[in-house]
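Following the hints, complete the assembly by docking chain R onto the known chain X.
There are 2 protein chains.
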Amino acid sequence: MDSATFRLLGHQFVDWITDYRQRLETLPVMSQAKPGDIRACFPKTPPAVGGRLKEVLAVLEKDVMPGITHWNHPSFFAYFPSNTSYASILADIVASGLGVQGMSWQTSPAATELEEVVMDWLRQMVGLSAAWTGVIHDSASTATLCSLLCARERASGYSQNSKGLQSGEAPLVVYASDQGHSSIEKAALLAGFGRNYLRLIVTDDVHAVRMDLLKSAIESDLAAGLRPCAVVAAIGTTGTTALDPLKDIAELAKKYHLWLHVDAALAGTAMVLPECRWMWEGIEASDTLVLNPHKWMGVGFDFSAYFVRDVQHLIRVMSTNPSYLRTAHDGEVKNFRDWHIPLGRRFRALKLWFFLMDVGVEGLQERIRRDLRNAQWFKAQVETLKEWELMAPVTLQTVCIRHVPEPMRGDEAALMRHNLEIARQINDSGKAYITPSVLKGRQMLRVSIGAETTERRHLEALWGDLQRFSSEE
Amino acid sequence: MDSATFRLLGHQFVDWITDYRQRLETLPVMSQAKPGDIRACFPKTPPAVGGRLKEVLAVLEKDVMPGITHWNHPSFFAYFPSNTSYASILADIVASGLGVQGMSWQTSPAATELEEVVMDWLRQMVGLSAAWTGVIHDSASTATLCSLLCARERASGYSQNSKGLQSGEAPLVVYASDQGHSSIEKAALLAGFGRNYLRLIVTDDVHAVRMDLLKSAIESDLAAGLRPCAVVAAIGTTGTTALDPLKDIAELAKKYHLWLHVDAALAGTAMVLPECRWMWEGIEASDTLVLNPHKWMGVGFDFSAYFVRDVQHLIRVMSTNPSYLRTAHDGEVKNFRDWHIPLGRRFRALKLWFFLMDVGVEGLQERIRRDLRNAQWFKAQVETLKEWELMAPVTLQTVCIRHVPEPMRGDEAALMRHNLEIARQINDSGKAYITPSVLKGRQMLRVSIGAETTERRHLEALWGDLQRFSSEE
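First to last, the protein sequences are chains X and R. Residues in the first sequence are numbered consecutively from 0, following numbering that gives the first Met the number 0. Residues in the second sequence are numbered consecutively from 0, following numbering that gives the first Met the number 0.
Excised from the complex, chain X in its bound form (with noise of 0.2 Å):
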């Protein structure tokens, strides 16, 4: 493709998503394509001769949207909000169009800096010391794991350089909340710690681990020469947001050595909000934080914020230095190869710098105080009905609810299916989309609020279809 030609499509495709995003409230929120439907527009084997990509914008929008989930439509409530913002969508295009890897400093000096940057910026907008340096990750099953390997490292005293795990020493024990987030258990699975020394504790009435619970389990294993080695605190668990007690937990981390790695994975959004900051009191005892901008903040995916305190431990995890890696300039500079699992790197950092450009801290917190309200609004017009049902506490944008018709209650079968069918209504309908769940055995509707454009109006239409497709259930 000449140079003229990309100019032309580029502005295709800019109009065409200015386009999309102007009519996406009129779209249906999930994909109503059945399994299958879009592989079957595609032919079987690759174009032999090119030339063909004007032929793509009318595919896209005949075969292929049709396919979508529109994640950034108004009333998309399930999941997590992942927010791309316009300003994030033109990063990608100076990302892409540079078309740079920022592995190593030297592979381009600028990847690197901005992303101390802006880096540093968001430790500031959070409201962290300057203890912590922040790197990106892709995302936040990634950032765990890196942090269970650096626990196992520091437990082991490096033993990635002789035995690894296969010493036959006592094993080392993981700890984590039962609400903790899927990609803990993987990656205490995946580093080698093996289920057997995973401690999934079981949480309180409020779905925070239950501290009692925690340290007799560190006893008992220690009493039964088991080695305890980390422990992951959730400030905001995935089904409800649910807090657990970081100072508490700090303390016991300190006392038994362990290392402490905080997933703030959606919640540390809310952070940009000094009012809320008591709910991870604490922080700073921790060894290492994950929070994901590509979620509710609105730096399109990939971005997922690791903060860690000590560099020098992780880039011993993670360093290898060959010679056709090695630079002039190693030693006064950050490689960031070496602090995560890939080695290649997007210039990342520009999606968070355009993004600040645009909205600033201010715009961005008034935002944030914009869906807490909203949360609270829905929140408390559940409460106002006596067969629906909060099944936790409300603590940011998620709010966690059933519906209990009288003749249902107690019947947490009958419940099940009920609250399963009112999901699937409402997302059949296309008019919003939200995550049926099961909390502790009891089906709940999850409403994740956050989506950058939705309004309290969105929230209205969701309530009033919850409460229609209830009683026509």
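Hint data in this document are derived by calculation from the structure and do not stem from the laboratory. Do not rely on the hints blindly, as some may be mistaken.
If chains are identical, the list can't say which one is meant, so a pair holds when it fits in one copy or spans any two.
Calculated pairs, DSS-like style, for lysine-lysine (alpha carbon to alpha carbon, straight line, at most 30 Å) [stated by the list, open to error]:
#1 K333 with K61
#2 K162 with K253
#3 K33 with K61
#4 K254 with K214
#5 K430 with K43
Keep in mind that this is a model prediction, so the values were computed, not measured.
Coordinates of chain R only, in the frame set by chain X:
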């Protein structure tokens, strides 16, 4: 930002990227920035108030560009070609603009199904049988880690569901070439094997793994009561694109029940040419394979193609299935979140689709052949001059050379200084960028050919500069 502003700025950024690509050849390839230069251009605190995105273009131009190393420059011969084609950039506009999460089928069916389509196209393009299934990973490092985790779990009977690597059973051992990529070592260490159980097998005089040594390593480990677990074969090592004898390794792997992972990160692109496929004879007897369309091929980073034969095994190792991720269609569809480490996924399939629609398989083949011819031409020049040495066979597009002035012959320390100085002069000149690298204790200059815009004249210029700097030095 409102839609009108996005449309306007979107056009401006597309124009800016187009202009950038057009003047690329006039820019110094390697950034001439000094540590801290770029960081110093930015304020130490985030913008409190937004609405400032219009300033960004000027800052990009003035403060960021001096810190950019131009990976798409026609005289970029460092590391590996990392082509971000125009088509890729357009696809990224769409991916970012749609802003969908492809973690599960239902979270955007089109993201999953288009990925199935294009990964199957790619499978056909590199001549793999239908026994392989592909999935997009972020990088070869992550893919290789997944392979070693799959190996670990197969050899241990899914130890992650019990004691992990902490069972005290006979240690598992991993084998690879001492010329393998650093990510193999990193993966083995992160997966918990431990350096004591990683065997980096010495290579022969063309830098391929020595089968006699591999076999005796396995046998002596068995004799010592260890459990050989996995072998990684490099089809195209990073240093010199050496080819491990895959067919022989596959036979050995079969005999000793080793997991066989093939790292063809760069060289996999060459397999689009039928005449190159002899290079990976034996591939069908391997278990997993990674090749990076985001390198030489032209699909912008990140886009690693990970191919596996036993999908169910991969899923069993990588999957967690919490209630909030379950959907009505699980079981009938692919949920790619369970095919790798991260949970979230960008809509990266668009990049390969756009790219192939633009160039077609035949166009791609033509470009790869051009690069191979350029490498052979460059090799021929080197061979004409007595003071220049080829350090390795030119298998593909990488030419490894050094300058050996008669007075320095045999003095490795002097040759190292001399060749490092040549590289420094080339790179500091801004006219080209090559990688100085050490091969078995000997300093070499690595010329990695294959940027999309690299023509013969760029190599002629490089060859002229190499001769000039080597005689001046």
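Hints versus structure:
1. K333 with K61: between (46 Å within a copy, 22 Å between copies)
2. K162 with K253: Both ways: K162 and K253 sit 27 Å apart in one copy and 26 Å across, limit 30 Å.
3. K33 with K61: So K33 and K61 pass the 30 Å test inside one copy only (15 Å; across, 50 Å).
4. K254 with K214: within (11 Å within a copy, 49 Å between copies)
5. K430 with K43: Classified as neither; 34 Å inside a copy, 44 Å across copies.
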